[in-house]
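Protein chains: 2
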Amino acid sequence: MSAAPTVLGVLGGMGPLATADFMRKLVESTPATKDQDHMPVFVHSVPQIPDRSESFLAGSDAPWPFLLAGLRILESAGAGAIAIPCNTAHLWHSRLAAATQLEVLHIGRASAEAVTAHPEALRRVGLMATSATIQGRIYHDALHAAGVDVVVPCARDQHERVSAGIAAVKAGDLARAAAMLDRAASQLVDDGAQGIILGCTELPLVLSDHPSGVPLFDTTHLLVKACIAWWHKATAARRRNETISS
Amino acid sequence: MSAAPTVLGVLGGMGPLATADFMRKLVESTPATKDQDHMPVFVHSVPQIPDRSESFLAGSDAPWPFLLAGLRILESAGAGAIAIPCNTAHLWHSRLAAATQLEVLHIGRASAEAVTAHPEALRRVGLMATSATIQGRIYHDALHAAGVDVVVPCARDQHERVSAGIAAVKAGDLARAAAMLDRAASQLVDDGAQGIILGCTELPLVLSDHPSGVPLFDTTHLLVKACIAWWHKATAARRRNETISS
Numbered sequence: 001m002s003a004a005p006t007v008l009g010v011l012g013g014m015g016p017l018a019t020a021d022f023m024r025k026l027v028e029s030t031p032a033t034k035d036q037d038h039m040p041v042f043v044h045s046v047p048q049i050p051d052r053s054e055s056f057l058a059g060s061d062a063p064w065p066f067l068l069a070g071l072r073i074l075e076s077a078g079a080g081a082i083a084i085p086c087n088t089a090h091l092w093h094s095r096l097a098a099a100t101q102l103e104v105l106h107i108g109r110a111s112a113e114a115v116t117a118h119p120e121a122l123r124r125v126g127l128m129a130t131s132a133t134i135q136g137r138i139y140h141d142a143l144h145a146a147g148v149d150v151v152v153p154c155a156r157d158q159h160e161r162v163s164a165g166i167a168a169v170k171a172g173d174l175a176r177a178a179a180m181l182d183r184a185a186s187q188l189v190d191d192g193a194q195g196i197i198l199g200c201t202e203l204p205l206v207l208s209d210h211p212s213g214v215p216l217f218d219t220t221h222l223l224v225k226a227c228i229a230w231w232h233k234a235t236a237a238r239r240r241n242e243t244i245s246s
Numbered sequence: 001m002s003a004a005p006t007v008l009g010v011l012g013g014m015g016p017l018a019t020a021d022f023m024r025k026l027v028e029s030t031p032a033t034k035d036q037d038h039m040p041v042f043v044h045s046v047p048q049i050p051d052r053s054e055s056f057l058a059g060s061d062a063p064w065p066f067l068l069a070g071l072r073i074l075e076s077a078g079a080g081a082i083a084i085p086c087n088t089a090h091l092w093h094s095r096l097a098a099a100t101q102l103e104v105l106h107i108g109r110a111s112a113e114a115v116t117a118h119p120e121a122l123r124r125v126g127l128m129a130t131s132a133t134i135q136g137r138i139y140h141d142a143l144h145a146a147g148v149d150v151v152v153p154c155a156r157d158q159h160e161r162v163s164a165g166i167a168a169v170k171a172g173d174l175a176r177a178a179a180m181l182d183r184a185a186s187q188l189v190d191d192g193a194q195g196i197i198l199g200c201t202e203l204p205l206v207l208s209d210h211p212s213g214v215p216l217f218d219t220t221h222l223l224v225k226a227c228i229a230w231w232h233k234a235t236a237a238r239r240r241n242e243t244i245s246s
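Chains A and B are the protein sequences, given in the same order.
Each residue of the first sequence is one higher than the last, beginning at 1 in my numbering.
Each residue of the second sequence is one higher than the last, beginning at 1 in my numbering.
A couple of the hints might just be wrong.
Because identical chains share one entry, a pair is satisfied inside a single copy or across any pair of copies.
Stated by the list, open to error - Below 20 angstroms or equal to it, Euclidean Cα-Cα: the simulated SDA-like pairs (lysine to any residue) are: (1) 225 / 187; (2) 34 / 171; (3) 225 / 33.
Hints are computed from structural coordinates only; laboratory data are not their basis.
All figures in this text were calculated on a predicted structure; none of them were measured in a lab.
Extracted from the complex, chain A is given alone in its bound form (with noise of 0.2 angstroms):
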């Protein structure tokens, strides 16, 4: 048996559906022609959590501990780095890479990267996400500071499409949710959006793309493009040490 692999650690559970997208893109997005070429993971989905964007909302920090705990568990397991398939839980991002020794992708900056690296120079996006990922942030400093404006949902369809679509996934109902979001992100456009950033990993469940024709950003495949970058790296930083040692 050879020296362990080089292995990513998956922060998940929020939600599950997320996760198993999350994992199915992950060796979707690899170049392989065999078991064996595919990055090894270790995925910690408790979904036991509490509610990311409730807690945030309420100023809660609930789902803290549960952050900590599960990240310890990978750390142990041996992963090298962590990635979160979640948006909102990167509220906590900061506070769990000033945890641990081990890198912590973000989802929010490889995401608003492609969003500045879009070949039609889009000046003005939509943004669906949680309500707590929207008033936390997690988007709008980094896509203003490249210069591009961040349109949200009114009040009333961010509840009652956005917010209430993203329940309907985790509840398992994605032909009632992708009706909502679907409506969501047709006035997103009306209101002048270039493109749409699906800042929930909920919402690729369901929406895949829209009818307008602007372009749907995938944050789970983007959060997944910066693992595959990263496990080369890291692989091939551990071959040339292993080279050096031998």
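Got chain A; can you put chain B on it based on the hints?
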């Protein structure tokens, strides 16, 4: 933060797409209205383990140290039982079960039970699986004991359609895999199979039904059902204990 929940340990990565499929089916099969209703899982998906079928057929025990290392990580992470979404890996099931205090669920037993309990009282079923699963009799003994005949592909079909189809799934070429595997299934039906066991977790990724209308047994889904039954039992036992001790 309440006590840690009862967590399922998944010894996966064999292959990684089958593990992602298992996770999605686990979520979809769990009655839930919110994230917190879902089963907590810790997944060890490390595809660098040597090919189980090739090793078994060559008389090699090469996968064993990888399986044991994965089991130990799942134990350390706090798993309460182990599920392995790979039929061929069950050739090492009894050794894994002997190496741990945890219950190790058995995909073959769960699936053979579903076959014998089928309302059509099937007397003859086809088995699509790796050559090692067939030679290692993961399904034969339980089904024969229940009076069910097992029909397997001829050597040429096994090689050119089933093994090649499984390899195509692992290489991400799902369309080509589906065509090969569908032909192998048709031959089994021509040979008198009244139902077909998809006895490799790569198969349900590309086969969900068959034009003949014979029932297909998705062993990934049948393992999921066994996991949910375990979880309900373990959670109920835990609640009883908490009531007694409080």
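Here's how the hints hold up against the structure:
no., hint, in the structure
1, 225 / 187, "neither (29 angstroms within a copy, 41 angstroms between copies)"
2, 34 / 171, "between (35 angstroms within a copy, 5 angstroms between copies)"
3, 225 / 33, "within (18 angstroms within a copy, 31 angstroms between copies)"
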